[in-house]
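Asks: Build out the structure end to end from the sequences listed, making use of the hints.
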Amino acid sequence: MTIRSGHLGEELQDLLDGRLDASRRVDAERHLEVCEACRREWQRLAAVRTAVRTALAPGELPAGLAEETAEQLERSGRIRGPLPMKTAAAIAAGLVAMVFFLWIGRSRDVATVADRDYEAVRQEKLPLEMRTDDPQVLERFFVDHGIRFRTRVFDLGMMDYRLVGGRVHSVRGRPSALFVYRGGNNKILVCQMFEGSTRDLPRGVEVREHGGIPFSVYRRDGRTIVFWPEGQVLCVLVSDADAEEVIALAFAKAVPT
Amino acid sequence: MDPSTNDPKDRKAEFEREAIPLLKDAHNLALRLTRRAEDARDVVQETYLRAYRTFGNFQSGTNCRAWLFTILYSVFVNRYRKERREPKPLSIEELEERFHRTLESKSAADTASDAPVWTDPDVERAVSDLPAKLRSTVLLVDVGDLTYEEAAVALGCPVGTVRSRLSRARKALFVKLEGYARRAGYPGNTSEES
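Same order as they appear, the protein sequences are chains H and B. Per my numbering, the first sequence starts with residue 1, numbered consecutively. Per my numbering, the second sequence starts with residue 1001, numbered consecutively.
Calculated from the structure, these hints are not laboratory results. A hint or two may mislead.
[As the list claims (entries may be wrong)] Derived DSBU-like pairs (lysine-lysine); straight-line CA-CA distance at most 35 Å:
| id | chain 1 | residue 1 | chain 2 | residue 2 |
| --- | --- | --- | --- | --- |
| 1 | B | 1012 | H | 125 |
| 2 | B | 1024 | H | 125 |
| 3 | H | 125 | B | 1009 |
Remember, it's a predicted structure, so these values are computed and weren't measured experimentally.
Replies: The following block contains the structure:
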């Protein structure tokens, strides 16, 4: 064993964390028996380690967290059954929550979901995972975080909308690239791209055609929701800015496939 | 389970078996990292959602805890770290000097008693006050129970960096905790702490 300046030095930590092989451990322990300085340092580091593990040990889970997590996974569209819970009460509560939210989720069409997500972003209840004004950085973020289709995050600076950032989200269980712009009028524009087609859209829609692309327009409580297809991907813009401005922005962003 | 299986039902069952039992520990780590209950909830839910979506990347038979906590730490960093002001870290030299100065004095930690040396709130406060990199390292290793190698993957740094950060974190904690103990009237310690 190499002992710097006659003491164990950093090997004390390796001893503490069980990272020394058997022979080095025996040497280190023998050294501790005869060296008061190392023994004192070892005792103090051990006391810190024990104190951290004790003081920061897990407490009880907050009420509802297991159920909320299960419900969120359910909504992701990948799990069809309830998750196992530790207690009968948790199982019952989880099932009730899952059935309720499953019913809610299925009763909502994609326009309603996009509108709800817009409101969640506006109220800062849906945080952005990547804040950047660089479209390429955000596109790379989506690739790195599992979005399999090609996203196109446009620079809308010419139309006075600045990119704020985005997050990986989901729409009816399908992974979605969600990104947000803020305009000079302080209005926000929420765009999502996810795998889907116009067949997923609800009825009662106004359809406009521009550049050979059909744009489906919905209006909800002063907000304008515009969908259009790009190959296997469905794009949507939502904003409470002027309706014609939102539609014009969708025209500007869309590309024929 | 056959690691090569891609049957969604098998994967779902494996996720339930491997990841769900870690929910309490994941929440605890999230709580210690974010230091806010609401943020911890958000981090945990986002972590589990991402983990489930990417569970195909998890290799059966490997350490699910390390895999899950790596995702959790990534979610935490992306969401919160940039929002926080960090305390100015002590220089290594200053930290070593303070720690070794405490070695010259008596400490409650020198006793062989099983009684807690410092109070839990003091330990929580001391950990919370660590600079982010040291705090994250000590939380992943001592609270998350990851190996140095696993923590290195989560933190995106070399194993040697984990080792040195952990060493500095523990010494910094000791200096801080001895300061609390001295102010609380523990008679044996005459060291300085600021």
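Asks: Run through the hints listed earlier and report the numbers of any the structure violates, in increasing order.
Replies: none
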